[in-house]
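Engineer: Got chain S sorted already, so can you dock chains V and Y onto it with the hints?
Chains S, V and Y supply the protein sequences, listed in that same order. Per the numbering used here, the first sequence runs over residues 1 to 249. Per the numbering used here, the second sequence runs over residues 250 to 678. Per the numbering used here, the third sequence runs over residues 679 to 994.
Derived from the structure by calculation, the hints contain no laboratory data. Here a beta-carbon is modelled for each residue, glycine too, at the ideal position from N, C-alpha and C. Check each hint, because a few of them may be wrong.
What follows is a list of derived Cβ distance ranges for each label pair [what the hints assert, rightly or not]:
| id | chain 1 | residue 1 | chain 2 | residue 2 | range |
| --- | --- | --- | --- | --- | --- |
| 1 | V | Thr638 | Y | Leu975 | 54 to 60 Å |
| 2 | Y | Ile982 | V | Asn268 | 41 to 47 Å |
| 3 | Y | Glu815 | V | Thr397 | 32 to 38 Å |
| 4 | Y | Gly895 | S | Lys79 | 37 to 43 Å |
| 5 | S | Val87 | V | Leu277 | 45 to 51 Å |
| 6 | S | Tyr11 | Y | Arg762 | 42 to 48 Å |
| 7 | Y | Arg762 | V | Arg580 | 33 to 39 Å |
| 8 | Y | Ile947 | V | Thr342 | 34 to 40 Å |
| 9 | V | Gly635 | Y | Gly895 | 29 to 35 Å |
| 10 | S | Ala147 | Y | Val837 | 44 to 50 Å |
| 11 | Y | Thr839 | S | Asp67 | 42 to 48 Å |
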Amino acid sequence: MSAAIELVDLYKSFGSTAIIRGVNLAIERGERHAIIGPNGAGKSTLYNLITSKYVPTSGHVRLRGEDVTGHPPYEINRKGLARSFQVTNIFPRMTVFENVRCGLLWAMNYRYSFWHDVDHLDDVNERSMKVLEDIGMAARAAVPAGALSYAEQRALEIGITIAGGADIILLDEPTAGMNRSETAQTVELVRRITEDKTLVMVEHDMSVVFGLADRISVLVYGEVIASGPPDEIRGNPAVREAYLGEEAD
Amino acid sequence: MAAVATPAAMGRKSFLRRNAVWWVALVLVMLLPQVAHSGTSIAVLNQMCIMVIFSLSYNMLLGQGGMLSFGHAVYFGLGGYFAMHLIQLANATHFFMPLPLTPLAGGLAGLVFGLIFGSFSTSRAGTVFAMISLGIGEMIASSSLIFTKFSGGEEGLTADRTDLTPFFGVNFGRDYQVYYLIAAWMILSAWLMYRFSRTPLGRMANAVRDNPERAEFVGYSQKRVRLLSFMAAGFFAGIAGGLFALNYEIVTDETVNLTTSGVVLLQAYIGGVGFFAGPIVGAVVYTLLQTLLSNYTEIWAFYVGLIFVATVMYAPTGLTGIIMMHQPIWRAGRLRSLALPYLQVGAPALACAIGVIGLLELLHFVSVRAVGQSTKHLFWMSINAGRPTAWIVFSVLAVGGFLLARRLAPKLVAAWEAASADIHAGGRR
Amino acid sequence: MLELTVFSLLNGLVYGLLLFMLSAGLTLIFSMMGVLNFAHASLYMLGAYFAYSISTKVGFWPGLVVAPVLVGVVGALIERYGLRNVHRYGHVAELIFTFGIAFLIEETVQLIWGKQTMDYHGPKILDFPLFELWGIEFPAYKAFMLAISIGIFIALLVVLTRTRIGLIIQAAISHPNQVAMLGHNVPLVFTGVFGFGSALAGLAGVIAGPELGTSPGMAAVLGSIVFVVIVVGGLGSLWGAFLASLLIGMIQTFAVAIDYSLNDLFAAIGIPPDKTGALSDLYSATVAQIGPILPYLLMVVILIFRPTGLLGKREV
Chain S
1 MSAAIELVDL
11 YKSFGSTAII
21 RGVNLAIERG
31 ERHAIIGPNG
41 AGKSTLYNLI
51 TSKYVPTSGH
61 VRLRGEDVTG
71 HPPYEINRKG
81 LARSFQVTNI
91 FPRMTVFENV
101 RCGLLWAMNY
111 RYSFWHDVDH
121 LDDVNERSMK
131 VLEDIGMAAR
141 AAVPAGALSY
151 AEQRALEIGI
161 TIAGGADIIL
171 LDEPTAGMNR
181 SETAQTVELV
191 RRITEDKTLV
201 MVEHDMSVVF
211 GLADRISVLV
221 YGEVIASGPP
231 DEIRGNPAVR
241 EAYLGEEAD
Chain V
250 MAAVATPAAM
260 GRKSFLRRNA
270 VWWVALVLVM
280 LLPQVAHSGT
290 SIAVLNQMCI
300 MVIFSLSYNM
310 LLGQGGMLSF
320 GHAVYFGLGG
330 YFAMHLIQLA
340 NATHFFMPLP
350 LTPLAGGLAG
360 LVFGLIFGSF
370 STSRAGTVFA
380 MISLGIGEMI
390 ASSSLIFTKF
400 SGGEEGLTAD
410 RTDLTPFFGV
420 NFGRDYQVYY
430 LIAAWMILSA
440 WLMYRFSRTP
450 LGRMANAVRD
460 NPERAEFVGY
470 SQKRVRLLSF
480 MAAGFFAGIA
490 GGLFALNYEI
500 VTDETVNLTT
510 SGVVLLQAYI
520 GGVGFFAGPI
530 VGAVVYTLLQ
540 TLLSNYTEIW
550 AFYVGLIFVA
560 TVMYAPTGLT
570 GIIMMHQPIW
580 RAGRLRSLAL
590 PYLQVGAPAL
600 ACAIGVIGLL
610 ELLHFVSVRA
620 VGQSTKHLFW
630 MSINAGRPTA
640 WIVFSVLAVG
650 GFLLARRLAP
660 KLVAAWEAAS
670 ADIHAGGRR
Chain Y
679 MLELTVFSLL
689 NGLVYGLLLF
699 MLSAGLTLIF
709 SMMGVLNFAH
719 ASLYMLGAYF
729 AYSISTKVGF
739 WPGLVVAPVL
749 VGVVGALIER
759 YGLRNVHRYG
769 HVAELIFTFG
779 IAFLIEETVQ
789 LIWGKQTMDY
799 HGPKILDFPL
809 FELWGIEFPA
819 YKAFMLAISI
829 GIFIALLVVL
839 TRTRIGLIIQ
849 AAISHPNQVA
859 MLGHNVPLVF
869 TGVFGFGSAL
879 AGLAGVIAGP
889 ELGTSPGMAA
899 VLGSIVFVVI
909 VVGGLGSLWG
919 AFLASLLIGM
929 IQTFAVAIDY
939 SLNDLFAAIG
949 IPPDKTGALS
959 DLYSATVAQI
969 GPILPYLLMV
979 VILIFRPTGL
989 LGKREV
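The following block holds chain S by itself, in its conformation from the complex (with noise of 0.2 Å):
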């Protein structure tokens, strides 16, 4: 079966400054792996490089051994895989409850639909409000995003990210600027949400990557130089070196 997410000789550079220089990397489905690395590794390329913001220099891209280098983010988003900001990125005129939705409207088959009265789609409805009430955002439904607090523009942000029900996640530093409970809320928020679902996630907070990944890979200088299992890492001499050694943890 192939890997969920196929990485095979991903070059991009911007202009004469190459950022990511070759990475191999496959995530297999069910797999909840972590990419961790120093600021300015290339973490956040290396999304948008999977999702289709930006093109490759050269290489490829593979989802579930589809090819889809270069393809639009909506069509990459239609096959099953979807994505948070590290920047809160929702719609901040709409409701929390319309967030959502905008969020499903789509994997529910409505499309472009002109003759659908949004209001009296009962499917798109419950499963928005189910949404919520798995992030805990229920209580919430009518204030526009813009007016949330930080930490519920970020659940909001997952919610909109799970919403479609894409079995691919990818969570870019989904507890940036939490405290520790906020965090702990948010960790036990993304083990449950993605139960039997592949998540890739961007992370420096460690303990949330320890505590929650099967598979770590580190990004230094637009490379991966180590992945493998949390021990695995945790014990690598060059990684150490580049990365976790600095940290006084």
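Structural biologist: Just chains V and Y now, kept in the frame of chain S:
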């Protein structure tokens, strides 16, 4: 029309109950001629209704879709031209063409051209889209003077609507008969456009407006969403154009040019693009300004321009936005507390306005008058523009009014904050 | 044929360089501030009207100097007290604002000067034919226009590439935040550039007014063409604006001289001309007649096949 959806709380109401507002509007609109029955009033109402449809269609682009178009008159005008051709054809060959359906020809033309021009202009929203729309607008406007067979050249196209097949005995020879038709089309179009905004496509149009990147990452092609909105907007603009053709029985290059595109932008924006009802308000206000003001002053367009710029700078949510700002205060029953502060600020502001208007009118009069004239009729008085008296009085009013209003403004702000605080304290949020 | 080509070249050059004077300011403002100034052509119109009023009182030459300065001040005021406040609402709001200003300027012109075309003409000493070729005269005034335009172009080039302020402007175009952190007063630079771009537009109006006519409609006519120029040339590229201005200037000037239509083409290859069918207008329209829409057609073609324009690097 509320933007907050109450999930699963909408019961199984009947079609009639759900759209109660619209039925009421329909009845009111049909009763209007009883109140305003002079020939001029009907003519004004006709123009107003056509502009309402046109402005609402424009807001599908700007308010709903975030697309600023400087060339929306293209679809309005082309709709008018095609509808006119249909009428001419029906008159010439006497085939069965019930008049009430002719705007559909305009709508269809608007839809098709929306597809043609939208196919390459909707890749991006924002400044690029605006410029493309300007270029296409000018291209079509210039073309209409070149391809005279289609457009009638400078004289335009004309046709007699009364020659069409009578509709249940009505041949629409009288203005008020046309009014009922236009008003019916207005309610229908507005209802359809409102319903459109509540469909998956309509919701995603809002989403693409606010965050096109995110919309793509939930599975929607931003270009496709914009294109479909563009086509729908073209359709309704074409309907308005078809009604224009019926009402005035002439379509010229003015119907399709930059001035008309500018007017619809003005209307929608002054009314308030963030609200569904905004363009309706804008169309009504603009039509009133145009038809009433022009009787009293030659520079009415200047005042409209001033209002528009002031709206952009100080009240970007438009007239409807200002009204809606008062809604929470009204709901809390605290509106009365604002009455006095408004009066305190409003009176000097009014004085200032009178002063400014006076100065402008005098300036215009003095700059452009025929030689030998020095008496200007203003505010129901005869004023000698040659003597400094009037100038001084108006200047004093303008400057004094402004300074006084500015001095009293904090009182209004304080009253406002007090009223709003009461709402919060009353646990209404 | 040759005389037609030579004079069309000369006239096209005059018109094209005029377009460049207008589009240079517009593209500079756009590159630096991301604002597309819809009112740019209106400032051009103001320049013509100011110069007209000055010329009726004091003469043409004082107008040439004073009018652009006045327009530059107006532009700076618009930026300082208008645009700066609207900036926080986003680019679309800025565009709507400048559209409103354009409308207001047009109405103001009609308020003060009325709706007729003004009798604004060049100075007497330039009112003679500079040379005559094949019986056609080339007026000295047009040569004067050429001289001014070329002079401005060279001055722009020198200022932008060799002076300190020019380097600051170039830097601010691409990296306004860094430039601010280096201690330069970026808002002041913005106001200055806006004012300067406006003055350029005003100068174009001063010299073009006598030639192209001074009336309230002059802004609308040229305004759209200027937008086409910078879309075709590429948003944010001064060289692109130069290239596109000349290209479009030449296209429009040469088109006017071509009296052939599709029907003529058909006749040449033996197909009988279509004079009465539904599309007969299309076939009988001469190139001269469709001259006004050629720039827009070019814009559409560029937008479909090369959306960044001829020399543009920036996506908006």
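Engineer: Now, for every hint given, state plainly whether the structure supports it.
Structural biologist: Each hint tested on the structure:
1. V/Thr638 - Y/Leu975: 54 to 60 Å: Since threonine 638 of chain V and leucine 975 of chain Y have Cβ atoms about 58 Å apart, the given range 54 to 60 Å holds.
2. Y/Ile982 - V/Asn268: 41 to 47 Å: 42 Å, holds
3. Y/Glu815 - V/Thr397: 32 to 38 Å: Hint holds: Cβ distance 34 Å, inside 32 to 38 Å.
4. Y/Gly895 - S/Lys79: 37 to 43 Å: Between glycine 895 of chain Y and lysine 79 of chain S, where Cβ atoms are some 54 Å apart, the hint is violated.
5. S/Val87 - V/Leu277: 45 to 51 Å: 48 Å, holds
6. S/Tyr11 - Y/Arg762: 42 to 48 Å: Taking Cβ atoms as reference, tyrosine 11 of chain S and arginine 762 of chain Y lie about 43 Å apart, which means the hint holds.
7. Y/Arg762 - V/Arg580: 33 to 39 Å: With a Cβ separation near 36 Å, arginine 762 of chain Y and arginine 580 of chain V satisfy 33 to 39 Å, so the hint holds.
8. Y/Ile947 - V/Thr342: 34 to 40 Å: 36 Å, holds
9. V/Gly635 - Y/Gly895: 29 to 35 Å: Given about 32 Å between the Cβ atoms, the range holds.
10. S/Ala147 - Y/Val837: 44 to 50 Å: 48 Å, holds
11. Y/Thr839 - S/Asp67: 42 to 48 Å: 47 Å, holds
Violated hints amount to a single one, hint 4; each of the other numbered hints is respected by the structure.
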